[in-house]
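Based on these hints, arrange chain B on the given structure of chain A.
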Amino acid sequence: DAGVIQSPRHEVTEMGQEVTLRCKPISGHNSLFWYRQTMMRGLELLIYFNNNVPIDDSGMPEDRFSAKMPNASFSTLKIQPSEPRDSAVYFCASSFWESEQPQHFGDGTRLSIL
Amino acid sequence: KNQVEQSPQSLIILEGKNCTLQCNYTVSPFSNLRWYKQDTGRGPVSLTIMTFSENTKSNGRYTATLDADTKQSSLHITASQLSDSASYICVVEGSNYKLTFGKGTLLTVNP
Numbered sequence: 008d009a010g011v012i013q014s015p016r017h018e019v020t021e022m023g024q025e026v027t028l029r030c031k032p033i034s035g036h037n038s039l040f041w042y043r044q045t046m047m048r049g050l051e052l053l054i055y056f057n058n059n060v061p062i063d064d065s066g067m068p069e070d071r072f073s074a075k076m077p078n079a080s081f082s083t084l085k086i087q088p089s090e091p092r093d094s095a096v097y098f099c100a101s102s103f104w105e106s107e108q109p110q111h112f113g114d115g116t117r118l119s120i121l
Numbered sequence: 029k030n031q032v033e034q035s036p037q038s039l040i041i042l043e044g045k046n047c048t049l050q051c052n053y054t055v056s057p058f059s060n061l062r063w064y065k066q067d068t069g070r071g072p073v074s075l076t077i078m079t080f081s082e083n084t085k086s087n088g089r090y091t092a093t094l095d096a097d098t099k100q101s102s103l104h105i106t107a108s109q110l111s112d113s114a115s116y117i118c119v120v121e122g123s124n125y126k127l128t129f130g131k132g133t134l135l136t137v138n139p
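For the protein sequence lines, the chains are A and B, in the order given. If you're matching positions, the first sequence starts at 8 in my numbering and goes up one per residue. If you're matching positions, the second sequence starts at 29 in my numbering and goes up one per residue.
Here are the computed lysine-lysine pairs in the DSS-like style, where the Cα-Cα straight-line distance is at most 25 Å:
1) A:K85 x B:K126
2) B:K99 x B:K85
3) B:K45 x B:K85
4) A:K75 x A:K31
5) B:K126 x A:K31
6) B:K126 x A:K75
7) A:K85 x A:K31
8) B:K99 x B:K29
If you are wondering where the hints come from, they were derived from the structure by calculation, not from laboratory data. Predicted model only: the values in this text are computed from it and were never measured.
Here chain A stands alone, though its shape is the one from the complex:
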């Protein structure tokens, strides 16, 4: 079975540029999560969706960040304009919308903003 698929795996861009990260969740999962991981702060939840609807975006750092889930099989996380402090690994995860269900993570996008 295909797991959560993220693209690109690596992204290097200059500050001020728009960055779009993509995620394809596991088929049948109805919840999708975007996380950011840094050495200093560990894993942080940015936003999550249930049945394609954003439920909690309180973790989104500022208005430069936006996320969409136009359908059950695709989500994007966009940063515009990007800044060097946005450099991190961004993970997407999906699960069934029930307690005690494991979240299945993609392998992340390593983002470097120069």
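Coordinates of chain B only, in the frame set by chain A:
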């Protein structure tokens, strides 16, 4: 404030030895506690999930314990292998399916 603290931050052991990783949490209300393994350059992978009523759960050579009264959990790895080298992350689910993550313990298993 909901927090998950893990210790030690890093640990080096020899192949074949056992080790125990610790996790203390202040998340309330509590729904369940999870342990994830994260290999370098990969996403976290779920090892165990324990609810309030469970005090131990095993997954192969991995055994997790939970003391909900003291809000402590441990992950015990038996007969370590080189492939166990990874970061181990303790995660607590609170209300509304929200997860609070620890910063992880980096385990290195040397031959």
